[in-house]
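Make the full structure from the sequences, and use the hints.
Residue numbering for the sequence shown follows my numbering, starting at 1 and increasing by one per position.
A few of these clues could be false.
[Said to hold, decoys possible] Dumping the calculated DSS-like pairs for lysine-lysine here, alpha-carbon to alpha-carbon at most 27 Å:
hint, residue 1, residue 2
1, Lys184, Lys40
2, Lys40, Lys276
3, Lys168, Lys151
4, Lys276, Lys65
5, Lys16, Lys71
6, Lys148, Lys168
7, Lys151, Lys36
8, Lys276, Lys134
9, Lys151, Lys188
10, Lys16, Lys278
11, Lys188, Lys250
12, Lys256, Lys98
13, Lys31, Lys278
14, Lys284, Lys16
15, Lys151, Lys40
16, Lys284, Lys40
17, Lys166, Lys151
18, Lys96, Lys107
19, Lys255, Lys188
20, Lys168, Lys211
21, Lys148, Lys60
22, Lys134, Lys184
23, Lys166, Lys65
24, Lys184, Lys163
25, Lys255, Lys166
26, Lys60, Lys71
27, Lys40, Lys60
28, Lys60, Lys36
29, Lys256, Lys31
30, Lys166, Lys184
31, Lys96, Lys60
32, Lys31, Lys188
33, Lys96, Lys148
34, Lys40, Lys278
Just so you know, these hints were derived from the structure itself, not from any lab.
Bear in mind that the values here come from a model prediction, so they are computed numbers and not experimental data.
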Amino acid sequence: METLVAFYVNPESCSKCGICVDVCPALILEKDNSGKVNFKPDYIHLCLGCGQCMAVCNTKSVFAKGMQYDKDFFEFSETNDFFSLTEHRRSVRRFKPKPINEEEINKILNAVSQAPHGDSHHHVEVTIINNRDKIMEALPLMSQFYDKLQKWLHNPFMRSIIKFRKGKHTLNTLTNHLLPRIEKGIYKNISYDYDGITRGAHTLLIFHAHKDSEEHIEDSYIFVTYATLAAQALGLGSTIIGLVPAALNKSDELKKMFNIPNDHDSVVSLIVGYPKYKYLRGIKRELKSVNNIF
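In structure tokens:
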């Protein structure tokens, strides 16, 4: 279990800007009435270890999950190539309050159209919602779905059904990752400026296909990855969201709202927008393991 020893904000150097509070996807930081920033003791178990709070701190005052600035972060390179693009890419969850323009959407779609796919004729379709009001209309229904999911995950019979139909790996993801956040009410947090599902984004892309079409799941994940890189190349921020399609697949009303056919499987979605904040350093990532055979 995580302890506050691994989570710390240096009050002497903290500028009290509050950006770290804003960018934290798990909402584990807070700013009190005096402007002092601290971690919430009863929320730190939700920490993803993403390092975003530290990546945006201009005074290097925030320390999360035992990470260190000199060991777990790196300075951005100035080269303009693919590797620099991947270094700069972050999952952005705080956006300026406006949709992206049509030209930017078309450039993202053009990049996606060039992505490799499994079948000779891919079957993936993309639905674009470039309207915050329309997204807001759907959010209460999505939140209601996660209320139901919470009850299912506390029901032994429903847990066995989920395990049988979706596999133990899915049940583990729902139980260990999603359920703690549902119980903290993160997906009930809905306002025009911010919500726990689409993070206040004005632009949402949904990748879906007929449920019986060949390799549509694999293709959808390849396509959304290309979309994230295209967004980064355009100076946009994005985050891959699994919460939206999960709710869509259980609600004909949501599908109708977004003009997605009832016989389609929504695989993955992407929120896109203009980043509200600038990341000052990169976050080191490592593969689980590398097995070299020569």
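The hints, checked one at a time:
1. Taken as a hint, the Lys184 and Lys40 pair is honoured in the structure, with Cα atoms around 12 Å apart against an allowance of 27 Å.
2. Only pairs whose Cα atoms come within 27 Å are accepted, and Lys40 paired with Lys276 is accepted, the gap being roughly 23 Å.
3. For the given pair, Lys168 sits about 18 Å from Lys151 by alpha-carbon distance, which is consistent with the 27 Å threshold.
4. Between the alpha carbons of Lys276 and Lys65 the distance comes to roughly 24 Å, so the proposed pair stays at or under 27 Å and holds.
5. Taking the CA atoms of Lys16 and Lys71, the gap is about 24 Å. The hint holds against a cut of 27 Å.
6. At most 27 Å may separate the alpha-carbon atoms for a hinted pair to count; Lys148 and Lys168 meet this at roughly 20 Å.
7. Pair hint Lys151 plus Lys36 does not hold up; C-alpha atoms about 37 Å apart against a cutoff of 27 Å.
8. For the hint linking Lys276 to Lys134, the alpha-carbon distance of about 21 Å falls within 27 Å, and the restraint holds.
9. Restraint check for Lys151 and Lys188: the C-alpha separation of about 15 Å stays at or below 27 Å, so the hint holds.
10. Annotation: proposed proximity of Lys16 to Lys278 holds, straight-line Cα distance about 16 Å (limit 27 Å).
11. At most 27 Å may separate the alpha-carbon atoms for a hinted pair to count; Lys188 and Lys250 meet this at roughly 18 Å.
12. The straight-line distance between the Cα atoms of Lys256 and Lys98 is roughly 24 Å, inside the 27 Å bound, and the hint therefore holds.
13. At roughly 20 Å between alpha-carbon atoms, Lys31 and Lys278 fall within 27 Å of each other, so this suggested pair holds.
14. With a C-alpha separation of about 25 Å, the suggested pair Lys284 and Lys16 falls inside the 27 Å cut-off, and the hint holds.
15. The hinted pair formed by Lys151 and Lys40 meets the criterion: a straight-line CA distance of about 26 Å does not exceed 27 Å.
16. For the hint linking Lys284 to Lys40, the alpha-carbon distance of about 25 Å falls within 27 Å, and the restraint holds.
17. At most 27 Å may separate the alpha-carbon atoms for a hinted pair to count; Lys166 and Lys151 meet this at roughly 17 Å.
18. Between Lys96 and Lys107 the CA atoms are separated by roughly 20 Å; this keeps the pair inside 27 Å, and the hint holds.
19. Note on Lys255 and Lys188: the hinted pairing holds, with a Cα-Cα distance of about 20 Å set against a maximum of 27 Å.
20. Distance check on the hinted pair: Lys168 and Lys211 sit about 22 Å apart at the alpha-carbon level, within 27 Å; holds.
21. Restraint check for Lys148 and Lys60: not satisfied, since their Cα atoms lie roughly 41 Å apart, outside the 27 Å limit.
22. At most 27 Å may separate the alpha-carbon atoms for a hinted pair to count; Lys134 and Lys184 meet this at roughly 26 Å.
23. For the hint pairing Lys166 with Lys65, the CA-to-CA distance comes to about 31 Å; that exceeds 27 Å, so the pair is violated.
24. Between Lys184 and Lys163, the direct Cα distance comes to roughly 24 Å. Compliance with the 27 Å bound is thereby established for this hinted pair.
25. Taken as a hint, the Lys255 and Lys166 pair is honoured in the structure, with Cα atoms around 21 Å apart against an allowance of 27 Å.
26. Of the supplied pair hints, the one linking Lys60 and Lys71 holds, its CA atoms being roughly 13 Å apart against a limit of 27 Å.
27. Proposed proximity of Lys40 and Lys60 is supported: the alpha carbons are some 19 Å apart, at most 27 Å.
28. Annotation: proposed proximity of Lys60 to Lys36 holds, straight-line Cα distance about 15 Å (limit 27 Å).
29. Between Lys256 and Lys31 the alpha-carbon distance is near 40 Å, which puts this suggested pair outside the 27 Å criterion.
30. Our distance criterion of 27 Å between C-alpha atoms is met by Lys166 and Lys184, whose separation comes to about 25 Å.
31. Taking the CA atoms of Lys96 and Lys60, the gap is near 24 Å; set against the 27 Å cutoff, the hint holds.
32. Pair hint Lys31 plus Lys188 holds up; C-alpha atoms about 21 Å apart against a cutoff of 27 Å.
33. At most 27 Å may separate the alpha-carbon atoms for a hinted pair to count; Lys96 and Lys148 exceed this at roughly 32 Å.
34. The hinted pair formed by Lys40 and Lys278 meets the criterion: a straight-line CA distance of about 24 Å does not exceed 27 Å.
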